[in-house]
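Take the position in the sequence shown, starting the count at 1, then add 62; the result is the number in the working numbering.
By construction, these hints were calculated from the structure, which means they are not laboratory data.
Every value quoted in this text rests on a predicted model; they were computed, and no experiment measured them.
Be aware that a few hints might be false.
In silico lysine-lysine, DSS-like type, Cα no more than 25 Å apart, as pairs [what the hints assert, rightly or not]:
1. LYS121 with LYS135
2. LYS82 with LYS137
3. LYS135 with LYS148
4. LYS140 with LYS121
5. LYS131 with LYS82
6. LYS122 with LYS148
7. LYS148 with LYS131
8. LYS107 with LYS148
9. LYS122 with LYS107
10. LYS107 with LYS82
Between beta-carbon pairs, the in silico distance windows are [to be verified]:
11. SER170 with ARG101: 19 to 25 Å
12. ASN133 with GLN64: 15 to 21 Å
13. LYS135 with ASP161: 33 to 39 Å
14. LYS135 with GLY183: 15 to 21 Å
15. VAL182 with ARG113: 18 to 24 Å
16. ASP161 with SER83: 20 to 26 Å
17. GLN64 with ALA112: 19 to 25 Å
18. THR63 with VAL182: 21 to 27 Å
19. ASP161 with LYS82: 21 to 27 Å
20. ASN133 with PRO174: 25 to 31 Å
21. ASP156 with SER80: 24 to 30 Å
For each residue, glycine too, the CB sits at the ideal point set by N, CA and C.
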Amino acid sequence: TQEDINWAARTLYGEFGSYKSIYQEITAWVIRNRLNSGRWGDTYKEVVTARRQFSCFNKKDPNYARVMKPNIKSKAWKRAVANATKVLNAPDSDNPIPDIMFYYSPRSMTPPGGIPTWAVGRETIDIEGINSWHMTLVE
Numbered sequence: 063t064q065e066d067i068n069w070a071a072r073t074l075y076g077e078f079g080s081y082k083s084i085y086q087e088i089t090a091w092v093i094r095n096r097l098n099s100g101r102w103g104d105t106y107k108e109v110v111t112a113r114r115q116f117s118c119f120n121k122k123d124p125n126y127a128r129v130m131k132p133n134i135k136s137k138a139w140k141r142a143v144a145n146a147t148k149v150l151n152a153p154d155s156d157n158p159i160p161d162i163m164f165y166y167s168p169r170s171m172t173p174p175g176g177i178p179t180w181a182v183g184r185e186t187i188d189i190e191g192i193n194s195w196h197m198t199l200v201e
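Produce the complete structure using the sequences and hints provided.
As structure tokens, then:
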């Protein structure tokens, strides 16, 4: 639905608004995987706003205000909507990361380059060179 795309796009816009589309696409697949798991909620809104899951929805996050009121004329918002639409409407067979429910940004950790406690000891996944300073996928 359009509401599903809207909430997924807000997440992509807040998490990786000005970064390469591949980061947004992978994030959209993580969101979709979480919805399909049923663990974080039954709607895209419930999944992306689940407590302490996507940092852009934390009220103290610097991106929170722009996520709640996106600049719908901006290139970053339009790209987020396009990527959300693409992934939410894709067949399951297009999912490059069907079992991945988590990612983190080493750049956002304190100290930078750190690993969140929930990711310690878990395997990280490198897909087409996506693991970088901006995104690490966790199995």
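To see whether the hints hold, each was checked on the structure:
no.: 1; hint: LYS121 with LYS135; in the structure: holds (23 Å)
no.: 2; hint: LYS82 with LYS137; in the structure: holds (12 Å)
no.: 3; hint: LYS135 with LYS148; in the structure: holds (19 Å)
no.: 4; hint: LYS140 with LYS121; in the structure: holds (23 Å)
no.: 5; hint: LYS131 with LYS82; in the structure: holds (22 Å)
no.: 6; hint: LYS122 with LYS148; in the structure: violated (30 Å)
no.: 7; hint: LYS148 with LYS131; in the structure: holds (22 Å)
no.: 8; hint: LYS107 with LYS148; in the structure: holds (17 Å)
no.: 9; hint: LYS122 with LYS107; in the structure: holds (19 Å)
no.: 10; hint: LYS107 with LYS82; in the structure: holds (23 Å)
no.: 11; hint: SER170 with ARG101: 19 to 25 Å; in the structure: holds (23 Å)
no.: 12; hint: ASN133 with GLN64: 15 to 21 Å; in the structure: holds (18 Å)
no.: 13; hint: LYS135 with ASP161: 33 to 39 Å; in the structure: holds (37 Å)
no.: 14; hint: LYS135 with GLY183: 15 to 21 Å; in the structure: violated (44 Å)
no.: 15; hint: VAL182 with ARG113: 18 to 24 Å; in the structure: holds (21 Å)
no.: 16; hint: ASP161 with SER83: 20 to 26 Å; in the structure: holds (22 Å)
no.: 17; hint: GLN64 with ALA112: 19 to 25 Å; in the structure: holds (21 Å)
no.: 18; hint: THR63 with VAL182: 21 to 27 Å; in the structure: violated (37 Å)
no.: 19; hint: ASP161 with LYS82: 21 to 27 Å; in the structure: holds (23 Å)
no.: 20; hint: ASN133 with PRO174: 25 to 31 Å; in the structure: holds (28 Å)
no.: 21; hint: ASP156 with SER80: 24 to 30 Å; in the structure: holds (25 Å)
Going through the hint list in order, the structure does not satisfy hints 6, 14 and 18.
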